[in-house]
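Engineer: In the order they appear, the protein sequences are chains A and B. Note that our numbering gives residue 12 to position 7 of the first sequence, counting from 1, and the numbers run on in steps of one. Note that our numbering gives residue 22 to position 37 of the second sequence, counting from 1, and the numbers run on in steps of one.
Worth double-checking, as some hints may not be accurate.
[As the list claims (entries may be wrong)] In silico lysine-lysine, DSBU-like type, Cα no more than 30 Å apart, as pairs:
1. Lys44/B x Lys120/A
2. Lys54/B x Lys183/A
3. Lys89/A x Lys120/A
4. Lys152/A x Lys40/B
5. Lys40/B x Lys163/A
6. Lys152/A x Lys44/B
To be clear, the hints were calculated from the coordinates, so they are not data collected in a lab.
These are the residues of each chain, in order.
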Amino acid sequence: MARMKFLCDADRCIECNACVTACKNENEVPWGINRRRVVTINDGKPGERSISMACMHCTDAPCAAVCPVDCFYTTADAVVLHSKDLCIGCGYCFYACPFGAPQYPKVGNFGSRGKMDKCTYCSGGPEVDLSPVEFQKYGSNRLAEGKLPLCAEMCSTKSLLAGDGEIIAQIYKERVVKRGYGSGAWGWQTAYKETIAI
Amino acid sequence: MITVTKDVTRETTMSKTTSEPAVNRRSFFKALGAGATLAATPAMITPAAAVDPGKEESKARYRESEHVKDFYRVNRY
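Given these sequences and hints, build the entire structure.
Structural biologist: Right, here's the structure in full:
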């Protein structure tokens, strides 16, 4: 069974924010919420790196572990989704997530948080596939249409990869072999003890 | 010339002692609370269950369509 994953090739990301815009437009994400964000480190300095971040659809998702109403579930594709009908807006998942993926619309009065919103890997939610209710609550369901998340499909430099984890890992390996050096992404040096020499 | 007249009716009403009603406020709320407890009891004894989105909702939606194959192909460039 294919496991859906995102992989951002930090050597290719040019911080154009097209993935962020594509996500917001495709899913009609409300103001104040970014399901995807581009993070830049060492901005304007040598060794600057940008990486596109969203929900990483963890295997053992901490958001699901802390949810008091257990509204998270993992699909057979390994996509972590949640039910907005069950969510009580407590905010525990927001604090548990290391990527800042679950966010809350700040549209109500003080103390009212509404329902948590997060990246759905463009695969909707627990409602009927491709129904208007599903779109209104969770956004588009591109996976059901035989497509992949729009953020990855829109990436102009092919930095953001999405799809079957094994296939995109193979694509990334081929890139690294061709370049002759590893990624400048976070954790690379910790894992492989290599200096970034471009 | 302005003459000030007393509101006799009001005075009479205020000074009148009200008779004890058939159901006073405290016994009414006591009965209401007991009723609510009885009504809530079946819901309380229902075993707690985690969300089960069902097989239909959590089924695999990904398929390696021509569109997806094209995405993989162009990403190998």
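Engineer: Now, for every hint given, state plainly whether the structure supports it.
Structural biologist: Results for each hint:
1. Restraint check for Lys44/B and Lys120/A: the C-alpha separation of about 24 Å stays at or below 30 Å, so the hint holds.
2. The suggested pairing of Lys54/B with Lys183/A holds, with an alpha-carbon distance near 22 Å, which does not exceed 30 Å.
3. This hinted pair checks out: Lys89/A and Lys120/A have alpha carbons roughly 6 Å apart, not beyond 30 Å.
4. This hinted pair checks out: Lys152/A and Lys40/B have alpha carbons roughly 21 Å apart, not beyond 30 Å.
5. Using a Cα cut-off of 30 Å, the hinted pair Lys40/B and Lys163/A is violated, with the two alpha carbons roughly 34 Å apart.
6. A C-alpha spacing of about 16 Å is found between Lys152/A and Lys44/B, which places the hinted pair at or below 30 Å, so the restraint holds.
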